[in-house]
Amino acid sequence: MFKKTTLLALLFSSLFLVGCNLGGGAPAGFDTGDASDEAAAVELPDVIKIGYIGPLTGNAAGYGQDMKAGIELYFSENHTIGDSTVEVIYEDGKCNGQDAANAAQKLINIDKVQVILGGQCSGETLAAAPIAEANKVLLFSSLSSSPDVTTAGDYVFRNYPSDEQVAKTMVDDILAHGYESVAVLTEQSDYAQAYRGAIARHLATAGKESVLDEPFAADNTDFRTLLAKVQESGADVLIVIPQSPVVGAFAVKQAAELGLNIQIYGGDTLPAPDFFDTAKDAAEGVKVVMVAEDPSRSGYSEKAAELPAPQSAAVIPLFGYDAANIVANGIAAVGYDGTALKDYLYSMPTFKGVASDVKFDENGDNNVSAGVKVAKDGEFVFVTE
Amino acid sequence: MQILVNGIIVGGIYALMAIGFNLIFSSVRFFHLLYGIVAVLGIYLTRFFLLTFEINFFVSMFLGAAIAALLGMAFWQWLYKPLMDRKASSLVLMVVSFGALIMVQNLIALIWKNNTYSISISETIKEGYHFLGITITFNQLVILLTSLVLVILLELFLNKTKYGMAIRAIGDNAEMTTILGLKTNQIILIVFFIGTFISSIAGTMVALEIGVKPTYGLFLVLKAIIASIIGGIGSMRGAMLGGLLLGVVENIGIYYLGGGWQEVTAFILLTVFLLFLPQGMFNKVQISN
Amino acid sequence: MLLVRDLNLHIGGLKILNDLSFDVQDGSITGLIGPNGAGKSSFYNVLFNLFPASGGSIKLDGIELIGKTPDQISHLGIARTFQDSKLLPQITVLENMLLSSKYLNPVNLRRVFFGGGILSEEFENEKKKARVLLKKVGLEDKEHSLAKNLSYGQSKLIETLRLFMYESKLVLMDEPFSGLFPEMIKVIKGLIRELVASGRTLMFVEHDMKLIAEICDHVIVLDAGSKIAEGTFEHVKTKPEVIEAYLGD
Amino acid sequence: MEYILHLAIVVTIFSILAMSLNYVAGYTGILSLSHATFYGIGAYATAILTTQHGFSFVPSVMVGMVLAAVIAYLASFPILKLKEDSLVLVSFGFSIIMFNVMLNWTDLTKGPLGIKGIAAPEIFGLSFFSKPLFFALVFLTAIVTYFFFRRITKSPYGIIIKGIRENRTVTAVNGHNVLRYQRSVFTVGAIFAAIAGSFTATFLAFIEPKLFELMPSVLILIMVILGGMASLKGSVLGAFILILLPEVLRFLGLPPSILAEVQQMIYGLVLILVMYLRPQGLLGEYKI
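In the order they appear, the protein sequences are chains X, L, R and F.
Start counting the first sequence at 207; every next residue gets the next number (the working numbering).
Start counting the second sequence at 3; every next residue gets the next number (the working numbering).
Start counting the third sequence at 2; every next residue gets the next number (the working numbering).
Start counting the fourth sequence at 292; every next residue gets the next number (the working numbering).
A hint or two may mislead.
Straight line, CA to CA, 30 Å or less: simulated DSS-like cross-link-like pairs of lysine-lysine [claimed, not checked]:
{"hint": "1", "chain 1": "R", "residue 1": "149", "chain 2": "R", "residue 2": "129"}
{"hint": "2", "chain 1": "F", "residue 1": "372", "chain 2": "L", "residue 2": "89"}
{"hint": "3", "chain 1": "F", "residue 1": "372", "chain 2": "R", "residue 2": "238"}
{"hint": "4", "chain 1": "R", "residue 1": "149", "chain 2": "F", "residue 2": "372"}
{"hint": "5", "chain 1": "L", "residue 1": "89", "chain 2": "R", "residue 2": "87"}
{"hint": "6", "chain 1": "R", "residue 1": "187", "chain 2": "F", "residue 2": "372"}
Think of the hints as simulated: they come from the structure by calculation, not from any bench.
Modelling step: build the complete structure from the supplied sequences, incorporating the hints.
The structure is reproduced here in structure tokens:
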């Protein structure tokens with residue numbers, strides 16, 4: 207009995223000691239004064255540590271791994287910034303807030319990074335954002351597309367388009383093709399639900415309303431009953447926004463089996479080999495709206511060729527590549543400091559990346575145009591009209 | 003109408019899962035939560051044979067199921083039996099089973115990744131057959147037929163063979179089996195083999211419809227448990243009807259409440275049965291009381 | 002003290018208890034005997050409403066017990082033991098004893114936190130009482146052992162001992178002697194005498210006719226849920242229906 | 292060092308959860324798989340009230356506690372009608388239903404998008420934004436929680452609920468209203484889970500339904516089982532081990548691609564080993 211008590215007392219007191227002494231003087235976040243003006247004379251540490259948070263395991267791992275591959279490619283080409291070597295520390299955010307928050311704390315406090323590339327899922331970014339803000343660390347997300355990220359904080363940036371933009375392009379395309387009644391099926395995930403809201407808003411702006419708008423359970427792959435409902439609703443176009451390619455593929459496959467021959471639009475989560483493995487020939491003609499991938503851009507094809515086969519879409523690792531590039535440029539220009547980097551990003555001229563042009567607005571968002579692609583012979587190609 | 007058909011097809015798979023689960027539960031009397039994940043392992047093996055050696059679908063399915071079934075026996079012999087010999091409570095066995103479920107699930111994820119994979123018989127997606135205002139696909143016909151054949155074979159086995167009768171006896175009374183001249187442990191091993199075999203086949207049917215991923219282990223065993231309880235644990239016919247009812251109710255739920263509430267309908271059904279009809283539709287044994 | 006009238010218990014199509022009627026006199030020791038399955042333990046269970054009676058009445062000093070919950074019935078002054086020792090295996094011997102304690106007011110969270118020490122004072126008294134009892138039977142060193150670590154005889158003993166923790170009027174015992182060695186039987190017999198001496202009325206179910214003859218002043222014989230005889234042991238043992246019931250068993 | 296402070300806060304919050312679940316599961320024998328639901332109710336109450344209705348922290352916690360109590364009390368009616376395996380199943384079903392409510396009632400909870408920008412607690416004008424202060428607050432709450440449950444379990448009340456865990460019939464026959472005690476225990480356990488939820492909401496500043504799904508409930512139960520049923524100290528130890536385990540793995544240099552799986556496999560292994568080697572848990576006496 208005595209032993210147990212002692213053990214517990216030790217545990218608790220060690221926790222408490224840590225809390226009171228070691229943790230003392232941690233940034234309280236009140237003083238926002240010391241904006242860095244030392245940008246002119248850039249002094250860099252011997253080793254520059256850059257953090258990464260993204261889903262490396264789980265359902266969304268494809269995106270996290272692709273992004274990681276892009277970042278790895280950049281730093282394998284450019285080992286150093288100035289004279290300093292670069293070390294990227296990859297942490298698994300598992301596409302959820304709690305793990306991303308733990309990872310952010312670890313990166314910021316143990317590894318002392320000034321820059322985190324990530325998170326990739328919006329949930330990761332939103333949970334990591336307040337920690338990054340409080341510690342004045344730059345959080346550069348490439349993939350989080352939730353509109354909420356726009357206002358997540360001063361230190362939060364992304365080079366990927368917000369769902370808001372992508373949804374507008376989709377709705378415009380649907381209206382341009384003269385479809386009358388729209389059915390919308392969205393997965394119960396942050397990304398898909400944000401998308402759903404954006405679609406509804408853009409339809410409303412055009413004076414329209416969907417004839418069916420239903421969420422489906424996360425990772426659900428049995429769409430038969432929902433598709434029967436779509437059929438009954440008399441929709442002539444169906445929007446499916448899944449979190450992962452396979453989920454979307456099952457919707458497409460089962461629609462074909464049901465004989466539901468209407469145009470299907472998907473989110474930018476569809477393009478992946480997985481999608482075609484499952485949907486097979488039913489994929490033909492499915493349209494997706496995503497960031498305007500432009501293979502004619504300088505560097506695009508070369509870099510794409512050097513990367514391992516993407517698990518999501520070819521353009522994803524290139525956004526990672528660009529993000530790494532921008533951050534490296536920033537560090538070279540203003541030094542290894544979160545606040546200085548933040549100011550640099552807001553004021554930097556348009557960056558000509560391999561994936562897209564990048565120019566941040568006052569919210570740290572980047573205006574990238576989106577385009578419509580259609581599935582043809584096992585891959586998505588841009589519609590040229 | 004189409005909703006009903008969808009429900010019956012999904013329900014047929016649940017029914018198969020429930021039958022295998024029931025078989026095992028009535029001989030060992032604890033929740034064998036590993037049941038689902040071993041079936042999932044069988045599906046991955048099926049897919050592995052299908053893709054690597056390009057063997058016929060049905061041959062792969064039987065190979066996968068047989069290996070899974072051997073694993074099921076191994077789990078009984080080396081995981082549960084030592085605890086059963088120590089007279090551990092059914093809760094302990096359930097917790098151990100859950101721990102093993104987590105381990106196997108993550109092992110599968112390590113080997114084959116976390117993604118959803120699909121399995122298909124043919125290389126193209128064909129539109130289903132339409133008649134009487136409903137649509138049914140080739141896959142679904144395969145599912146219905148396989149389920150039917152399996153159920154008939156099992157009924158014959160349980161009623162016409164010495165082993166089958168021993169299995170039915172063991173649920174009620176362990177002494178009976180000794181009278182029949184068979185060792186209890188042998189019978190339980192056979193039960194694990196057959197139960198797991200059925201679950202793996204049922205799992206492959208699921209994969210034909212909606213694909214497979216590591217987390218489906220828990221999903222499948224939950225459906226099997228719910229269907230068994232609805233039908234009445236210990237009763238084969240109950241398990242079948244329970245599975246069908248569950249499938250139909252779930253699909254009606256999706257239709258009227260919306261896809262977001264899919265999981266909820268199943269558990270409401272379970273709660274209603276546990277509270278008001280704890281012995282299920284065909285009672286044989288009442289659980290925990 | 003206890004009036005049982007036309008008591009019935011039907012489960013499914015089975016008549017477990019059938020129009021049972023008898024009285025238990027104040028301060029008496031009443032034996033409830035009969036072959037296996039006669040309904041002796043079932044009577045206890047119906048009395049405590051563990052099985053709901055299908056009809057009839059049980060009155061304790063004029064208060065109807067049918068329809069009351071087990072805890073209410075206990076508070077009216079009835080205590081009981083179980084056939085197979087129902088000591089709770091994973092709590093200590095002392096805690097098993099204290100589970101039978103009654104406090105002046107219901108034990109609830111308000112009294113735990115804002116009772117002004119009254120509850121803890123009562124609690125300490127109960128603990129003292131339990132320790133005195135344990136000491137009396139020489140089990141004081143087992144106070145903190147888990148009940149599952151006791152021998153069969155010891156747990157039977159504690160089961161009887163804890164009847165003293167509560168000033169009950171009526172005590173129902175279910176085979177307190179079964180499976181015990183003679184010395185232990187002697188100890189428990191002594192405890193039973195003390196229970197009676199303290200003014201409690203006793204009922205008990207027992208198979209050993211010698212013990213029944215020795216202890217009981219009144220005997221009720223059940224067979225297949227019905228009372229077939231009643232009176233002193235000497236009286237009932239000569240009755241042909243009693244002999245038949247036992248021989249036919 | 293803020294990282295260690297961060298982990299200390301997580302451990303402390305989970306200690307509150309594990310202790311309160313131990314009160315429900317370890318002491319009273321109600322093996323509930325819905326603890327994370329009440330944790331979520333507290334978190335959402337604080338998140339919604341402070342971000343949208345201008346509540347300050349303390350009143351929002353109180354609303355969360357009341358809400359959790361009411362919902363737990365109502366849920367206890369179906370859940371406590373059952374025992375053992377079926378109770379586990381129905382409590383699990385209840386948590387699935389509540390998870391879906393959090394997911395689908397988007398007007399209130401914003402569904403899968405989650406709620407962000409939850410401010411740090413402010414009590415009597417003192418802001419707990421800084422980590423050490425916040426830790427002190429959580430730590431104090433954990434100490435209060437510990438002594439609260441200790442006081443109960445050392446009183447006659449504790450003996451009665453342990454009796455209920457062991458055998459409802461015998462406890463009832465000894466004059467205790469079993470159902471009333473069980474309801475009270477279930478409700479009080481839920482209230483403390485809600486407090487932990489309020490802390491988590493302000494601590495992470497962002498919450499989403501996923502945080503309160505099945506796995507957290509299971510994780511808390513594993514903490515209780517590992518630490519020891521009916522041992523409050525054990526629960527603290529369980530929380531300590533299971534929260535720190537994955538963090539230690541981060542430093543082992545395992546490739547991140549297998550980290551999550553390995554971590555989960557260790558959870559599974561821990562469960563099996565505990566059941567085989569020490570079914571009463573590290574500091575407990577009671578075997579399930």
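ask   = Against the structure shown, which of the earlier numbered hints fail to hold, in ascending order?
value = Hints 3, 6 contradicted; others consistent.
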